[in-house]
Amino acid sequence: MAAEKRRMKHESEKQRWDRNFADLLQELRVAQTGVQILFAFLLTLPFSSGFPNTTELQKDTFVVALIAAAFATAMIISPVAFHRALFRQGRKPELVRYAHRMATGGLAFMLVSMVSSVFLITDYLLNIWAAVIFTGITAAWFLTFWAAIPFARKNWMDEDAEEEDEEALNEPV
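Just so you know, the working numbering puts 538 at position 90 of the sequence shown, and the rest follows in order with no gaps.
No lab work stands behind these hints: they were computed from the structure. Some hints here could point you the wrong way.
Ranges between beta-carbon positions, derived for each pair [as the list claims (entries may be wrong)]:
(1) G584 x Q463: 38 to 48 Å
(2) N501 x R539: 26 to 36 Å
(3) A529 x I581: 35 to 45 Å
(4) W577 x H458: 40 to 50 Å
(5) F599 x D471: 12 to 22 Å
(6) R601 x A518: 23 to 33 Å
(7) G584 x A533: 37 to 47 Å
For each residue, glycine too, the CB sits at the ideal point set by N, CA and C.
Please build the complete structure, drawing on both the sequences and the hints.
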């Protein structure tokens, strides 16, 4: 942690934007895989033998899940297209800001798709009340890890990291 702080302290503006973009791309790779698997599953669902037995509510929920997965896929992959359009134009700050917004929006649509998929499947297998309960728990679980904890810890540092930072600042360069 301390070595990273020293490195970040001495990086140029261009190096910082390059690092931010590389970090964001790593995050997008993880999200992209997940949303593509979910999207592929949803694309095949109407062709399964049990799908004709679904209720109107389940079909509507399926459409919400499918469209949300498609929107998430588009938003999570869009930084690649944006990068291609701006390649070698020296507009990395704009690209990083855009990619951040698209990743955030893509994760929001992914949340909607995943929660809708949970509702669809639990309603099909169980009953409406169990589906509502399990879907509510699932939504709360995702929001806890994707929003509440990161927001609560945004400005938080553990004591060991603070000590390392202080030592790093006091070390000669």
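Results of checking the hints against the structure:
1. G584 x Q463: 38 to 48 Å: Since the Cβ atoms of G584 and Q463 sit about 45 Å apart, the hinted range of 38 to 48 Å holds.
2. N501 x R539: 26 to 36 Å: 52 Å, violated
3. A529 x I581: 35 to 45 Å: Hint holds: Cβ distance 40 Å, inside 35 to 45 Å.
4. W577 x H458: 40 to 50 Å: 59 Å, violated
5. F599 x D471: 12 to 22 Å: 19 Å, holds
6. R601 x A518: 23 to 33 Å: 32 Å, holds
7. G584 x A533: 37 to 47 Å: About 41 Å separates the Cβ atoms of G584 and A533, which means 37 to 47 Å holds.
Checked against the numbered hints given earlier, this structure breaks hints 2, 4; the rest are met.
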